[in-house]
Amino acid sequence: MMPKHPNRREIIFGAAVAAVATRSRAASTIRLGLTPVFLDHDAEVITALRDALSTGVGGPIELVQRRTYQEVTGLLLEGGVDAAWLCGYPFLQHEASLSLLGAPVWRGRPLYRSYLIAAADDPAQELADLAGGAHAFSDPDSNSGWLVTASDLARMGLRPDAFFGRTLFAWGHRNVVRAVASGLTRSGSVDGYVWEALAASEPTLTAKTRVVARSEWLGFPPFVARRDRGADPDLSAFRAALLGLHASAAGRAALALLHLDRVSPGRRADFDGIAGRMADVAGLR
Amino acid sequence: MRRLPIGARAALAAAAMTATVGLLASWLVLAALAETQRDRLAELVRLHVDGLSIALGPAVQRRDVWEVYDTLDRAAAAGAGRLALTVVADDGGRVLAASDPRRAPTDSLLSALAEGARPIDAMGDPGATARLRVLARLSHQGRRVGDILTELDVADLLAERRRVTLALLVGNAAATAALTLAGYLVVRRALRPLDALAQRMGGTEGAPTPITPDEIPRGGAEIARLFRTYNGMVAAIAAKADAERRLAERERFVSLGRLASSLAHEINNPLGGLLAAADTLQAYPDRPEVVRRSAGLIERGLSRLRDVAQAALDQHRFADDAAPMTPDDVEDLRLLIGPETIRLGQRLDWEIDVDPAALARWPATRLRQIALNLLLNASAAAGRGGLVGMALETEPDGLRLAVRDDGPGLDAAALVRLTSAEPPPPGGGLGLRLVRELALGLGGRVDVAREDGRTTIALTFPHQRVEAAA
Numbered sequence: 001m002m003p004k005h006p007n008r009r010e011i012i013f014g015a016a017v018a019a020v021a022t023r024s025r026a027a028s029t030i031r032l033g034l035t036p037v038f039l040d041h042d043a044e045v046i047t048a049l050r051d052a053l054s055t056g057v058g059g060p061i062e063l064v065q066r067r068t069y070q071e072v073t074g075l076l077l078e079g080g081v082d083a084a085w086l087c088g089y090p091f092l093q094h095e096a097s098l099s100l101l102g103a104p105v106w107r108g109r110p111l112y113r114s115y116l117i118a119a120a121d122d123p124a125q126e127l128a129d130l131a132g133g134a135h136a137f138s139d140p141d142s143n144s145g146w147l148v149t150a151s152d153l154a155r156m157g158l159r160p161d162a163f164f165g166r167t168l169f170a171w172g173h174r175n176v177v178r179a180v181a182s183g184l185t186r187s188g189s190v191d192g193y194v195w196e197a198l199a200a201s202e203p204t205l206t207a208k209t210r211v212v213a214r215s216e217w218l219g220f221p222p223f224v225a226r227r228d229r230g231a232d233p234d235l236s237a238f239r240a241a242l243l244g245l246h247a248s249a250a251g252r253a254a255l256a257l258l259h260l261d262r263v264s265p266g267r268r269a270d271f272d273g274i275a276g277r278m279a280d281v282a283g284l285r
Numbered sequence: 001m002r003r004l005p006i007g008a009r010a011a012l013a014a015a016a017m018t019a020t021v022g023l024l025a026s027w028l029v030l031a032a033l034a035e036t037q038r039d040r041l042a043e044l045v046r047l048h049v050d051g052l053s054i055a056l057g058p059a060v061q062r063r064d065v066w067e068v069y070d071t072l073d074r075a076a077a078a079g080a081g082r083l084a085l086t087v088v089a090d091d092g093g094r095v096l097a098a099s100d101p102r103r104a105p106t107d108s109l110l111s112a113l114a115e116g117a118r119p120i121d122a123m124g125d126p127g128a129t130a131r132l133r134v135l136a137r138l139s140h141q142g143r144r145v146g147d148i149l150t151e152l153d154v155a156d157l158l159a160e161r162r163r164v165t166l167a168l169l170v171g172n173a174a175a176t177a178a179l180t181l182a183g184y185l186v187v188r189r190a191l192r193p194l195d196a197l198a199q200r201m202g203g204t205e206g207a208p209t210p211i212t213p214d215e216i217p218r219g220g221a222e223i224a225r226l227f228r229t230y231n232g233m234v235a236a237i238a239a240k241a242d243a244e245r246r247l248a249e250r251e252r253f254v255s256l257g258r259l260a261s262s263l264a265h266e267i268n269n270p271l272g273g274l275l276a277a278a279d280t281l282q283a284y285p286d287r288p289e290v291v292r293r294s295a296g297l298i299e300r301g302l303s304r305l306r307d308v309a310q311a312a313l314d315q316h317r318f319a320d321d322a323a324p325m326t327p328d329d330v331e332d333l334r335l336l337i338g339p340e341t342i343r344l345g346q347r348l349d350w351e352i353d354v355d356p357a358a359l360a361r362w363p364a365t366r367l368r369q370i371a372l373n374l375l376l377n378a379s380a381a382a383g384r385g386g387l388v389g390m391a392l393e394t395e396p397d398g399l400r401l402a403v404r405d406d407g408p409g410l411d412a413a414a415l416v417r418l419t420s421a422e423p424p425p426p427g428g429g430l431g432l433r434l435v436r437e438l439a440l441g442l443g444g445r446v447d448v449a450r451e452d453g454r455t456t457i458a459l460t461f462p463h464q465r466v467e468a469a470a
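One line per chain: the protein sequences are A and B, in this order. Using my numbering, you'd call the opening residue of the first sequence number 1 and step up by one each time. Using my numbering, you'd call the opening residue of the second sequence number 1 and step up by one each time.
Hints should not be assumed to be uniformly reliable.
No more than 20 Å apart at the CA atoms, straight line, and that leaves these computed lysine to any residue pairs for SDA-like [stated by the list, open to error]:
| # | chain 1 | residue 1 | chain 2 | residue 2 |
| --- | --- | --- | --- | --- |
| 1 | A | LYS208 | B | GLY345 |
| 2 | B | LYS240 | B | GLY345 |
| 3 | A | LYS208 | A | GLU126 |
| 4 | A | LYS208 | B | PRO105 |
Simulated from the structure, these hints should not be mistaken for laboratory data. Quick caveat: nothing in here was measured; it's all calculated off a predicted structure.
Required output: the full structure, derived from the provided sequences and hints.
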C-alpha cells in the first residue's frame, strides 16, 4: 500500500536515494539479520525482500535469521551481520552502538501498536481481567511482545510472572497468536502489525483470537546498523536500497507481501514511547 | 422338520452348513483384521512416541511449555487424523502441553486424562471404543523425564470393521441363499425318479405299473437299479395275480370236469353191452325172442345209465354239499376274484351283511361256484377300470346274493342261459347255465335287473331249502 499523501520532500528524497542506489555497487555481500518480527513462516516474503534489496544495492544480500532478538542483536554488535531489522526495544537498549537506517511505513506511518489478545470467546475487557491466566510473550527483547504488557503491569506495580499464572515465550508473534488460539495460554502480547497481517493471510487463525487492548502508537521496528560503520559505502548503498524499495517493481512486490508501504528514513522521536515504557519496567528487570 | 419334503430338508441342511462355515470364516477374518489393526496401531503409537521422545526430551527436561506445544502442534498438523490428542507431562505427572491445550491445560494433572490408558504393549482392542488411550514413558538420555499420553481416533478402523462385517454378512447370506437354492434344485432333480416311481406304485387303484426302459435314467446307477428291481417286483406281482386268476378258473370248472369224467367212465361201462344188443337186433330182426332179449338188454342198460347218472349226480351233490358255507368261504371268494379285478384295474365293492349261523345253512361248494361264476362274468363284462360288486345278506324270505357290474349288460343269449329252461344257443360259455342249474337245485330264484348303467344279477334262496338240506 502506498502512502496516501506523501509530501514533496519525501518524494524528492526517495527519488534521490533510488538514484544513488542504482549508481552505486556494493563491494561485498551485505548481511541483514532478521527475527520473527516477520511472518517468519513465509519463505516467499523472505525471498522477495532479498531479491528486491539485491537489485537495489546491485550486489548480493544475505538474510541471516535468528530465533531471538538477543541473538540478532548480538550478531549485529559483534559484526556478524552488517545491518538488522530489529525491534525498537533492543534498538534503544543498544542505542549508543546503533544507528537508524530506516523505519518501515505501515498504513501511512512508521508506527505500529502492541495488541493484547485473548481467545475469541474470552470475556476479558482489559489487562486486569486476565490476571491468573497463562500468558504468551513473543520475546523478552520485543517491545510489542513483552515490553508493552510488562510496562502496563509495572505501572500497576505488578510483575508479569506474579500477575499471570504462568508466562512463556513463544519466540515469534505468529506463535503468540497460535498459543492463544489453541488455548495453550489465555492471553498473549503480540505485534499489532503482525496480527493484522495474519488476519489477512490466515483469517482462520486470528479468528480464534480477539484483541482485548491496543497500545498507543509506537515506533515501528526499524532497520539499524552499527553506529561506527556509518561511513561504510555498502551500508550507504543498503540504506539507499531500503529507502528506494517502493520505487522498483520488485521492491513494491516485496513491500506488498510485507503489507508495508515503504521504508522511511525514520525519526528517533518515534521511539520515545518505547523509551518511556523501558523506564517504567527498569525497576522490574 | 420331518413334515418337510426331503428336497427342502436337504436345502436347509446345505444352508445351515454354509452359514456355519461362513460364520466361522467371517469370525476368523474379523479376528485377523482386529489383530492387524492392533499391530498397526501399536506400531503407529510406538513411532509417534519414539519420535516425540527424541524431539521433546530436552524441552521436557527444561519444562519448556512452548517448545513442547510447538512440537506437538506441528506433529499433529503433519500427522494423519489418527492422533486425536497427545499430552506430554513432566515426571511429576503435571501436563506441560498438549496438542489440544483446551482438553489438557498446562499444569493440570495427567492422571485426570489417563483414565483407561494402557501401555503400548497392552493396547486395547480398537473394536471396543472409537478412542484408544495409550500411555508411554518419555525418556531422555536414558532417564524418564515425563510421560506421553496419546489418544488415538480409531473411528475409521471401526468403520472398516463394520464395512468388512457387513460385506461378510452380505456375502455369506448370498452364498448361503445360492447354495440353498442349488441344493434344493439338485436334490429335487435327484428325487424326480422317485416321484415317478411313487406315481407308478400307487397310480391306478393300487396296481403298480412297470417303468418303461427309456424312463430309466442312464446316469444314476442307484436309481436305475431301483427301477429295475421295481420292474421285477411288478412282474412278480403280475405273475402271481395271473396264477391266482388261473387257479380261480380251475376251481370254477373243477366240479364240472370231475362230474364229466366220472360220467364218461360210468357211461362207457354199459355202452359195450348196449352196442352188442344193437348189433344183435340188426342181425336178427326177424327173431322175436332175440329182439325181446336184446330190447330188454338195451332197456336195462339204459336204466343202468340213468341210474348211473342219477347216482353220480347224487353222489357228487352229497359229497360237495357236505361242508356248510362259512365267512372264510366268502373271504375265499374275495381272494379268488381279487387278482382279476386288480389286473383289470377294477373297483371291487364288497358288502357282506350276514350272520355266520344263518350262512352255515347253505352248502359251501355250490354257493361258491355260483358266486365265483357270476363274479368272473361281471369282471369280464365290466372291462378295464370298471366296477364289480357283490352283496350277500340275510333277508326275511331267505339269503340274497347279488352281483353287479357296470358293463354293457347281458346279451340275449346270456339271458336265455341264465333265466330260461330253453336249450342255450350255440357257442358261449356254460357258466351262466351252470349258475342257473345250481341255483334252481338249491330252490333259488334268479332275477336280472339293469339300472343306471349297472347290471345286477340277484339270486334268492328261500329258507325252507335249508330244512330240506339239513
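Hints, verified against the model:
| no. | hint | verdict |
| --- | --- | --- |
| 1 | LYS208/A x GLY345/B | violated (101 Å) |
| 2 | LYS240/B x GLY345/B | holds (15 Å) |
| 3 | LYS208/A x GLU126/A | holds (18 Å) |
| 4 | LYS208/A x PRO105/B | holds (17 Å) |
Comparing the model with each numbered hint stated earlier shows that hint 1 is the single one that does not hold.
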